[in-house]
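Enquirer: First to last, the sequence lines map onto chains A, B and C.
Numbering-wise, UniProt numbering puts 108 at position 108 of the first sequence, and it's gapless, one number per residue.
Numbering-wise, UniProt numbering puts 8 at position 8 of the second sequence, and it's gapless, one number per residue.
Numbering-wise, UniProt numbering puts 80 at position 80 of the third sequence, and it's gapless, one number per residue.
Watch out, some of these pointers could steer you wrong.
Pairs involving identical chains hold if they fit within one copy or between any two copies, as the list cannot separate such chains.
[Unchecked claim] Computed list of lysine-lysine pairs in DSSO-like fashion (alpha-carbon distance at most 30 angstroms, straight line): (1) Lys117 to Lys79; (2) Lys78 to Lys20; (3) Lys20 to Lys126; (4) Lys20 to Lys117; (5) Lys126 to Lys112; (6) Lys79 to Lys27; (7) Lys79 to Lys20; (8) Lys78 to Lys27; (9) Lys78 to Lys117; (10) Lys20 to Lys86.
Hints listed in this document are in silico derivations from the structure and should not be mistaken for laboratory results.
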Amino acid sequence: MPHFTLEYSANLDGLVDIGKTVEVVRKAAVETGIFPLGGIRVRAIRCEYYAIADGRSNYGFLDMVLRLGEGRDLATRKKAGEHIFKALSAHLDPVFANSKFALSFDMQINDKETSWKRNNIHDALKVETVNG
Amino acid sequence: MPHFTLEYSANLDGLVDIGKTVEVVRKAAVETGIFPLGGIRVRAIRCEYYAIADGRSNYGFLDMVLRLGEGRDLATRKKAGEHIFKALSAHLDPVFANSKFALSFDMQINDKETSWKRNNIHDALKVETVNG
Amino acid sequence: MPHFTLEYSANLDGLVDIGKTVEVVRKAAVETGIFPLGGIRVRAIRCEYYAIADGRSNYGFLDMVLRLGEGRDLATRKKAGEHIFKALSAHLDPVFANSKFALSFDMQINDKETSWKRNNIHDALKVETVNG
């Protein structure tokens with residue numbers, strides 16, 4: 001159910017490994033303990049065209065949105081978000097050190113009345129837990 | 001006005017035709033009868049980098065968000081969403097059969113007070129209706 | 001803080017310069033005077049697969065979503081949105097003249113309780129203001 005979408009400026013390509021970045025977010029999301037493992041999905045979208053601040057091309061950004069289901073109170077969401085943001089931010093320390101960069105993270109809550117899903121990963125994880 | 005955005009893991013490339021997938025969604029959206037034809041827009045975004053569940057690379061996902069205008073009651077939205085989700089889900093049966101996969105669909109409602117649009121497709125469709 | 005994400009059909013490639021388009025939006029956002037300069041981020045995402053209206057492949061679209069922070073009243077947001085939409089729409093006049101095209105723009109407000117950010121562009125802009 002938790003969906004993390006990262007949009008990032010293409011000029012990050014040489015500065016950070018995006019494959020590692022989505023894994024950092026996934027791991028931090030697991031560590032919060034508030035999400036079913038089989039529902040976690042993190043992905044990144046590279047943006048070839050962008051314009052930032054006063055328009056200089058040497059700026060970069062990474063913006064993450066988490067869409068999650070209803071049913072967790074604000075304190076729980078804030079604590080989880082804080083944990084994930086800290087992990088992501090620390091992972092990006094070298095980018096901050098070497099460039100002008102903006103990182104952001106916002107949460108949105110999906111309306112449970114208009115939410116549909118089908119997922120065979122939960123069952124696959126259960127089989128693994130039982131069998132091995 | 002209805003905007004369908006599909007984000008999907010790049011490993012779906014060999015498993016499903018994404019061009020056909022957006023067409024399945026478009027057709028199902030038309031069938032609901034609640035959207036003006038000229039306002040329907042479905043698109044897909046391929047995500048090269050992703051991390052899912054316990055992090056194994058053989059998992060896949062497709063997540064769809066529909067943003068639509070205000071003015072339709074919950075029952076209407078639920079019924080339309082159900083129809084579209086069923087069509088999309090059935091189209092992806094082979095993916096579920098052959099892989100560990102997560103499909104999801106959520107609706108969001110645009111605030112009509114801060115919504116702008118300009119569209120000459122409506123007029124093109126009217127001309128076709130009149131002229132044949 | 002203001003995040004502009006443009007999703008567009010790949011068939012716009014020959015019709016409009018997307019690099020210029022994000023710059024048009026950035027410039028218009030600055031002109032509104034309601035956003036801190038260092039927080040503005042505009043980006044575009046090209047959608048290779050799409051299905052529009054009655055499904056003909058010669059239709060195109062560009063859809064923009066602005067996510068912004070809380071704290072500005074509706075009148076302020078409407079006025080700013082109107083200005084930005086006018087600039088973007090005028091920039092796309094040639095696309096409307098030469099094709100069947102749908103342009104749209106919606107605003108969303110981020111929940112300040114679950115919003116995190118880290119940004120060294122603000123400081124870089126201040127240094128420039130002081131030094132040069």
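Enquirer: Going through the earlier hints one by one, which of them does the structure break, listed in rising order?
Expert: When the structure is compared with the hints, none of them turns out to be violated.
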